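J.: Same order as they appear, the protein sequences are chains A and B. Mapping the first sequence onto UniProt numbering, position 237 (from 1) lands on 237, and the numbers just tick up by one. Mapping the second sequence onto UniProt numbering, position 528 (from 1) lands on 528, and the numbers just tick up by one.
For the record, the hints were derived by calculation from the structure and aren't laboratory data. Don't take each hint at face value.
[As the list claims (entries may be wrong)] List time: in silico EDC-like cross-link candidates among lysine to aspartate or glutamate, alpha-carbon distance up to 20 Å: (1) Lys253(A) / Glu101(A); (2) Lys94(A) / Asp296(A); (3) Lys359(B) / Glu425(B); (4) Lys44(A) / Asp231(B); (5) Lys94(A) / Asp231(B); (6) Lys136(A) / Asp117(A); (7) Lys230(A) / Asp262(A); (8) Lys297(A) / Asp135(A); (9) Lys44(A) / Glu73(A); (10) Lys253(A) / Asp395(B); (11) Lys190(A) / Glu146(A); (12) Lys253(A) / Glu240(A); (13) Lys94(A) / Asp233(B); (14) Lys230(A) / Asp296(A); (15) Lys136(A) / Glu125(B).
[Stated by the list, open to error] Now the stretches of chain B that chain A is said to cover, found in silico as 3 or more residues with beta-carbon under 8 Å: (16) 226-235; (17) 491-503; (18) 506-520.
Predicted model only: the values in this text are computed from it and were never measured. Every residue, glycine too, gets a C-beta built ideally from N, C-alpha and C.
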Amino acid sequence: MKKNLLALSLPLLISSQAMAAEPTLTVYTYGSFASDWGPGPAIKKSFEAECGCQLEFVALDDGVSILNRLRLEGGDTRADLVLGLDNNLLQAAKETGLLSEHKVELDGIRLPGGWNDSVFVPFDYGYFAFIYDADKLDTPPTSFAELLERDDLSLLYQDPRTSTPGLGLLLWVQQLYAERASDIWQNLAKRTVSVTKGWSEAYGMFLEGEADLVLSYTTSPAYHIEAEQKTQYRAAGFSEGHYLQVEVAAKVKTSQQPELADRFLQFMVGPGFQQHIATGNWMYPVIDTPLPASFDKLVQPASSLSFSAEEVAEHRQAWVRQWLNSVAR
Amino acid sequence: MPARWWWLPGAVSLSLILLLITGPIGALLVQVPTFTFTDLLADSYLRHVLWFSFYQAGLSTLLSLALAIPLARTLSRRRFPGRDLLVKLFGLSLVLPAILAVFGIVAVHGRQGWVNQLLMALGFEPFGYLYGLNGILLAHIFFNMPLAARILLQSLEAIPDTSWRLASQLGFRSHHLFRWLEWPAMRTALPALASLIFLLCFTSFATVMALGGGPRSTTLEVAIYQALRFDFDLPLAGGLALLQLVFCGMFLLLQHGLSRPVQAAAPGRPRPDRPDRHHLSTRLMDASVMLLCLSLFLPPLLAIVVAGINPQLWPVLLSGELWRATLSSLKIALGAGMLSVFFTLGLLSSSRYVRLHLKQTGAAALMESLGSIILVMPAVVLSTGLFILLRGLVDVFSLGTVLVLLVNALMALPYALRTLLLPMEQVARQHDRLCASLGITGLARIYRVEWPLLRKPIALALALAMMLSVGDLSAIALFGSQHLQTLPWLLYQQLGNYQMTQAAATALVLLLLSLGLFILIERVLGGKHARTR
Chain A
1 MKKNLLALSL
11 PLLISSQAMA
21 AEPTLTVYTY
31 GSFASDWGPG
41 PAIKKSFEAE
51 CGCQLEFVAL
61 DDGVSILNRL
71 RLEGGDTRAD
81 LVLGLDNNLL
91 QAAKETGLLS
101 EHKVELDGIR
111 LPGGWNDSVF
121 VPFDYGYFAF
131 IYDADKLDTP
141 PTSFAELLER
151 DDLSLLYQDP
161 RTSTPGLGLL
171 LWVQQLYAER
181 ASDIWQNLAK
191 RTVSVTKGWS
201 EAYGMFLEGE
211 ADLVLSYTTS
221 PAYHIEAEQK
231 TQYRAAGFSE
241 GHYLQVEVAA
251 KVKTSQQPEL
261 ADRFLQFMVG
271 PGFQQHIATG
281 NWMYPVIDTP
291 LPASFDKLVQ
301 PASSLSFSAE
311 EVAEHRQAWV
321 RQWLNSVAR
Chain B
1 MPARWWWLPG
11 AVSLSLILLL
21 ITGPIGALLV
31 QVPTFTFTDL
41 LADSYLRHVL
51 WFSFYQAGLS
61 TLLSLALAIP
71 LARTLSRRRF
81 PGRDLLVKLF
91 GLSLVLPAIL
101 AVFGIVAVHG
111 RQGWVNQLLM
121 ALGFEPFGYL
131 YGLNGILLAH
141 IFFNMPLAAR
151 ILLQSLEAIP
161 DTSWRLASQL
171 GFRSHHLFRW
181 LEWPAMRTAL
191 PALASLIFLL
201 CFTSFATVMA
211 LGGGPRSTTL
221 EVAIYQALRF
231 DFDLPLAGGL
241 ALLQLVFCGM
251 FLLLQHGLSR
261 PVQAAAPGRP
271 RPDRPDRHHL
281 STRLMDASVM
291 LLCLSLFLPP
301 LLAIVVAGIN
311 PQLWPVLLSG
321 ELWRATLSSL
331 KIALGAGMLS
341 VFFTLGLLSS
351 SRYVRLHLKQ
361 TGAAALMESL
371 GSIILVMPAV
381 VLSTGLFILL
391 RGLVDVFSLG
401 TVLVLLVNAL
411 MALPYALRTL
421 LLPMEQVARQ
431 HDRLCASLGI
441 TGLARIYRVE
451 WPLLRKPIAL
461 ALALAMMLSV
471 GDLSAIALFG
481 SQHLQTLPWL
491 LYQQLGNYQM
501 TQAAATALVL
511 LLLSLGLFIL
521 IERVLGGKHA
531 RTR
């Protein structure tokens, strides 16, 4: 057995030594970004081609997990960059004191509501929406109010404690219903098939037919059109408007590669990175970039909803508690 | 080793064990200085978690026993081809990694599973019923019904032949037999069995993680993990872990008080002819009991095997991720197994000296039960404590392998102790005097006397410990990362992402690994020690 172990481990040893020659930039991100079918591999390739370094993605469950992991590890973290936090987590992430300011010129950034933050650099944005399969569901809900009345619809969403879409839904509900939020959650809980840790779990379950609706983005149908030539997956446009998500990255203070990290952030808002967003992460790029034709067919949100980062930071814990209490009842 | 050093191995083992247990408990206590249980109970979500932990464990226990009692009766009444194999398989469900069973259950009961495919073929709408309480109950019954049936069957087989003959002469019907023979025999085993199943379900982790489906079906064990990894709430994680520690301690005390020695039937004894075998009603009853119980137990097992022989699997089997996980699993299991055996041998070689030479039976028993004290600490609690203890001192995630290994080694200790206790003592009883008179000491004694006699039980203890470690999900859930994957953790993630083909490949490798160890145990042991529980 020992011999076999050696035989198995030998190639691993060799390959990890070959890698050690160049500096490595370690980026904590969420699972679907780094996965083979996400934008990660293409971005790794094009950044490595120009930086003379190794780019390593460490895939965590989902956006909020990145923050949790960073806090768990504190100053010992191996991360040089975190990529995949969002506009709702800015304040909480800053309060860890583990992130440092960026040096990126933000002039070219095109975002609804603009962008002006000294720590975080945005890399894409989108709107949360429920996705349905038009072959199975003829009459999708056209508003959040209708969703609440439709007892027949089962749904999947993500845990706001680990996932940024989950947190987005929490804030969406909070924005639309404020003090009635608790009732809304109880209403939804009756039809919830599963609350998953990350986006990919919920979306995978939806594609397997486990539920009628899944929380994702208005841009998700583009994936099915472009990659699979399937048009039956559509976003349900809600008349009350959709909650906005801006995904961001930031540099970790304790990084051993601060120059490389700066370089990556600059690269992130350039075409080498942004061209992979629309058809890789299936979100809107943050600079002027030609979009594929499928993006014309997407639902345009009636209005864009959001809280300020400070509001979220102040209430997030209480709202998550309220959600837990309501859905567990 | 000269006799005056008798205390050394035990002292080393015991102090390391106690250090590894009290350190984390201390860290938990320090972390939650102002924490009171009333604070915990004031939160309605945590009240729900507590309620649900008890509720699902209670329901799982009830259902498992309600099925196991008729199943044990049926098995004691009937002889049919495959019966012995089935009873053997019932033992397997105990050592099968929980996450592997979860894979089988998803393959059978998931939206795309066998049940729904059957429904669709019959023209019904498929429906999802797996996630939440249903899934948890299905998995817990899968594990515990066979365990309970096996133990109850032993009780039934211990009923003396004379009782059966008497019952025949008195013309007892089936319900008379139950009332006067079977129930009294099973009743002595039931309380301890029920509390064992309750404890297993109360602390079940992998099942609830994978099949719980959200906050509504969260147990205390999973809430500890979530407080740490989701909320980064160290005081809460510490408080919940202490609460779990208190509950487990109470259950174990209860269990200890309820345990009665069960006499096993002499093997190979001719079975008595039960007077109720030939009635039509019992035939029908037995057939339906078998059908119901086997439809819960066999399909998930079959699903693992069937998924494993799918030819689509071969390319997936070559994935580097899978083999890296296999390698980590093996490394950790081997390390954990060896460490566990090392602790056990050290502890027992001193405790047997205390018992046989110093005649301090009580002190020896105390040493041995201190070694098993880990039973009150579920792996999640121990890991949480270690995490809090080491955080700030070292990079917890880069030490992941070592920490998982340590936790696994400690978790396996009670099993290793139970396996080696009697053999070690026997060797000392039979050979101490001879060795003393021939002057065989130290390494010579270990090499010439101990090793040949203890080789088998040591191998068994090692294999048992390795098997437990190979199936562990609790420790790896806390310490795992992209750089440290084990087979159960990989399988858990693939199941979560619904990558059923990849999951099937991982399940296959995990099954072969566990089964290989299981067979190793049966082979090495064979005879009378085969039953380790």
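J.: The structure should be examined with respect to each hint, and the outcome stated for every one.
T.: Right, here's what the structure says about each hint:
1. Lys253(A) / Glu101(A): Distance of about 9 Å is within 20 Å: holds.
2. Lys94(A) / Asp296(A): violated (36 Å)
3. Lys359(B) / Glu425(B): The given pair, whose Cα atoms are some 13 Å apart, holds under the 20 Å limit.
4. Lys44(A) / Asp231(B): With Cα atoms ~30 Å apart, Lys44(A) and Asp231(B) exceed 20 Å; violated.
5. Lys94(A) / Asp231(B): holds (16 Å)
6. Lys136(A) / Asp117(A): violated (43 Å)
7. Lys230(A) / Asp262(A): Roughly 39 Å between the alpha carbons, so the hint for Lys230(A) and Asp262(A) is violated.
8. Lys297(A) / Asp135(A): holds (17 Å)
9. Lys44(A) / Glu73(A): violated (25 Å)
10. Lys253(A) / Asp395(B): Holds - the C-alpha atoms of Asp395(B) and Lys253(A) are around 17 Å apart, at most 20 Å.
11. Lys190(A) / Glu146(A): Roughly 15 Å between the alpha carbons, so the hint for Lys190(A) and Glu146(A) holds.
12. Lys253(A) / Glu240(A): violated (40 Å)
13. Lys94(A) / Asp233(B): holds (18 Å)
14. Lys230(A) / Asp296(A): With a Cα-Cα distance of about 15 Å, the restraint between Lys230(A) and Asp296(A) holds, given a limit of 20 Å.
15. Lys136(A) / Glu125(B): holds (12 Å)
16. 226-235: holds (count 6)
17. 491-503: Holds, because 4 residues of the segment 491-503 of chain B bring their Cβ atoms closer than 8 Å to Cβ atoms of chain A.
18. 506-520: violated (count 0)
Checked against the numbered hints given earlier, the structure breaks hints 2, 4, 6, 7, 9, 12, 18 and satisfies all the rest.
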